[in-house]
Amino acid sequence: MRIQTVKPSDGPAVLQLEGDLDAASSPQLKAGLLALLDAADRGVVVDLAGVPFIDSSGLGALVAGLKSARQREIGFALAGIQVAAQAIFTITMADHVFEIFPTAEAASAFLAGARKA
Amino acid sequence: MRIQTVKPSDGPAVLQLEGDLDAASSPQLKAGLLALLDAADRGVVVDLAGVPFIDSSGLGALVAGLKSARQREIGFALAGIQVAAQAIFTITMADHVFEIFPTAEAASAFLAGARKA
Amino acid sequence: MNATRLCLTVEARLERVAALRELVHSLARASGPARVFEAERVHRWALAVSEAATNAVRHAYGGDCAGPLTLEIEVGAAQLVFRLSDRGRAAETWPPTAPEVAFPAEGSYGLMIIHDVMDDVHYERRADGTNTLTMVARVGAGA
Amino acid sequence: MNATRLCLTVEARLERVAALRELVHSLARASGPARVFEAERVHRWALAVSEAATNAVRHAYGGDCAGPLTLEIEVGAAQLVFRLSDRGRAAETWPPTAPEVAFPAEGSYGLMIIHDVMDDVHYERRADGTNTLTMVARVGAGA
Ligand SMILES: Nc1ncnc2c1ncn2[C@@H]1O[C@H](COP(=O)(O)OP(=O)(O)O)[C@@H](O)[C@H]1O
Ligand SMILES: Nc1ncnc2c1ncn2[C@@H]1O[C@H](COP(=O)(O)OP(=O)(O)O)[C@@H](O)[C@H]1O
Numbered sequence: 005m006r007i008q009t010v011k012p013s014d015g016p017a018v019l020q021l022e023g024d025l026d027a028a029s030s031p032q033l034k035a036g037l038l039a040l041l042d043a044a045d046r047g048v049v050v051d052l053a054g055v056p057f058i059d060s061s062g063l064g065a066l067v068a069g070l071k072s073a074r075q076r077e078i079g080f081a082l083a084g085i086q087v088a089a090q091a092i093f094t095i096t097m098a099d100h101v102f103e104i105f106p107t108a109e110a111a112s113a114f115l116a117g118a119r120k121a
Numbered sequence: 005m006r007i008q009t010v011k012p013s014d015g016p017a018v019l020q021l022e023g024d025l026d027a028a029s030s031p032q033l034k035a036g037l038l039a040l041l042d043a044a045d046r047g048v049v050v051d052l053a054g055v056p057f058i059d060s061s062g063l064g065a066l067v068a069g070l071k072s073a074r075q076r077e078i079g080f081a082l083a084g085i086q087v088a089a090q091a092i093f094t095i096t097m098a099d100h101v102f103e104i105f106p107t108a109e110a111a112s113a114f115l116a117g118a119r120k121a
Numbered sequence: 008m009n010a011t012r013l014c015l016t017v018e019a020r021l022e023r024v025a026a027l028r029e030l031v032h033s034l035a036r037a038s039g040p041a042r043v044f045e046a047e048r049v050h051r052w053a054l055a056v057s058e059a060a061t062n063a064v065r066h067a068y069g070g071d072c073a074g075p076l077t078l079e080i081e082v083g084a085a086q087l088v089f090r091l092s093d094r095g096r097a098a099e100t101w102p103p104t105a106p107e108v109a110f111p112a113e114g115s116y117g118l119m120i121i122h123d124v125m126d127d128v129h130y131e132r133r134a135d136g137t138n139t140l141t142m143v144a145r146v147g148a149g150a
Numbered sequence: 008m009n010a011t012r013l014c015l016t017v018e019a020r021l022e023r024v025a026a027l028r029e030l031v032h033s034l035a036r037a038s039g040p041a042r043v044f045e046a047e048r049v050h051r052w053a054l055a056v057s058e059a060a061t062n063a064v065r066h067a068y069g070g071d072c073a074g075p076l077t078l079e080i081e082v083g084a085a086q087l088v089f090r091l092s093d094r095g096r097a098a099e100t101w102p103p104t105a106p107e108v109a110f111p112a113e114g115s116y117g118l119m120i121i122h123d124v125m126d127d128v129h130y131e132r133r134a135d136g137t138n139t140l141t142m143v144a145r146v147g148a149g150a
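Chains as they are written, first to last, in my numbering: chain D, 5 to 121; chain Z, 5 to 121; chain H, 8 to 150; chain A, 8 to 150.
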């Protein structure tokens with residue numbers, strides 16, 4: 005799993021992931037996500053466009069991020085979930101709990117708007 | 005296996021192949037090749053850039069083409085052999101028998117030149 | 008006749024679980040054009056297999072690279088059988104139905120997913136020290 | 008420990024041979040980053056396996072889709088073992104060394120290729136009606 009962070013000065017931080025998100029790689033995501041949330045007061049978008057597979061450990065890491073963001077009262081959204089990686093969200097009904105957008109741009113715009121409103 | 009023929013008015017005909025060339029697909033290539041050789045007086049280039057695998061049946065079809073071209077005294081060349089498909093040519097030493105070029109353009113230029121010379 | 012059968016044995020490590028779920032994706036190519044499986048179903052089978060394999064690494068082998076983990080897939084006309092075998096510790100209990108997990112939890116979705124995806128799930132400890140989780144997915148004869 | 012083992016059974020048809028040689032390419036992913044095989048060698052193994060499988064379809068089964076064709080691959084520290092089994096007719100003879108083929112012939116390169124690529128080739132007809140061609144490729148412990 006490769007993780008890259010894009011931090012624009014005027015919007016939410018975007019965490020771009022590439023590779024399968026499973027029990028082997030999710031500890032790395034969780035650590036990266038929690039570290040980023042410590043310093044991202046404009047919110048965090050997790051861009052999953054480069055992730056062809058997500059299992060329950062991967063979902064667990066995303067849930068950890070969501071909980072931390074809620075505690076800190078900052079925005080948290082998912083973007084670009086591939087069709088191949090969707091099953092875990094429907095089975096666990098996590099798709100009803102996360103804010104989910106087709107693209108990172110749409111997610112960023114939403115989080116930026118939510119802050120202003 | 006998909007086969008497409010490009011027949012420029014002023015140069016050799018180019019047979020573009022896509023897919024594995026094995027015992028399942030080589031009868032189709034052999035038929036296409038022999039039919040084309042009947043009508044291609046400016047020579048024939050077989051473009052293998054889209055072929056990730058060639059086995060001995062595939063080589064057999066190419067040999068049938070070469071033999072027919074020699075009988076008819078027209079040019080015959082192979083182009084764009086992928087690294088993954090090279091083994092069959094080295095093991096059988098067919099790479100010493102065929103005219104082989106990196107690209108279909110180079111092969112066409114060679115056959116056009118050979119006719120003029 | 009439809010004899011398609013695949014198997015793969017890997018070292019029981021989290022890094023090898025990807026190879027086991029890849030085997031599920033090889034199904035399509037191995038079974039041929041006469042058996043086209045819906046992509047969404049294949050993704051779900053791969054997910055369930057992946058969860059089961061991760062559980063075997065974590066719980067049967069306790070996270071150590073202590074032995075082999077084997078996936079067998081049998082493609083029948085009416086069902087696919089996924090058999091995952093390890094040689095680690097036996098599970099104390101294996102719930103016959105899916106346990107309820109309240110979202111948002113950070114873990115423990117594995118069994119729920121396996122039961123949700125598969126039509127039949129059966130766990131067996133054999134005398135020779137092999138644990139086998141058999142997961143069955145029913146497919147229409149024309150599916 | 009290196010327990011990696013793959014197998015695939017398909018219907019013995021020319022159209023399924025591609026799935027068998029694909030299994031050779033799955034080696035890398037299944038064995039993990041500790042075992043990196045040179046791409047050129049993997050291509051050669053896939054070619055030899057493909058030739059052997061085509062022969063089984065054509066000669067053991069006579070071109071009919073009459074039964075199963077199984078490839079097993081065992082990844083050892085010093086060698087890879089490729090075992091191809093059919094339940095068709097037995098081969099009358101199996102040449103222990105590569106026959107010479109004069110290029111340009113249009114066929115009959117199969118056995119030559121198998122012997123050229125593999126370090127050891129062994130054919131066996133068993134009493135239960137199974138024919139097995141065992142092909143061994145030696146690999147350095149560090150290869
Ligand atoms: N292959 C297995 N061998 C032994 N115990 C298992 C196995 N799979 C699951 N279990 C038991 O069932 C429990 C629930 O598993 P699961 O739903 O996947 O969640 P998690 O693995 O996150 O605990 C595990 O905590 C473990 O005690
Ligand atoms: N699996 C097999 N079962 C029975 N006979 C075989 C088998 N493989 C090869 N043979 C015999 O060996 C001969 C040489 O095979 P090969 O070199 O692959 O060339 P080809 O298949 O083009 O004849 C075949 O013609 C066949 O008689």
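Check the hints yourself; a few may be wrong.
[To be verified] Computed list of lysine to any residue pairs in SDA-like fashion (alpha-carbon distance at most 25 angstroms, straight line):
id	chain 1	residue 1	chain 2	residue 2
1	D	Lys34	D	Gly54
2	D	Lys34	H	Asp135
3	Z	Lys34	A	Ala85
[Said to hold, decoys possible] Where chain D lies over chain H, by a calculated footprint (3+ residues, C-beta under 8 angstroms):
id	region
4	89 to 95
5	120 to 133
Read the hints as simulated data drawn from the structure, not as lab findings. Since we're looking at a predicted model, the values are computed, not measured. Built from N, CA and C at the ideal position, the CB exists for glycine as well.
Cross-check of the supplied hints:
| no. | hint | in the structure |
| --- | --- | --- |
| 1 | D/Lys34 / D/Gly54 | 17 angstroms, holds |
| 2 | D/Lys34 / H/Asp135 | 39 angstroms, violated |
| 3 | Z/Lys34 / A/Ala85 | 41 angstroms, violated |
| 4 | 89 to 95 | violated (count 0) |
| 5 | 120 to 133 | holds (count 3) |
The structure fails hints 2, 3, 4 (numbered hints given earlier, in ascending order).
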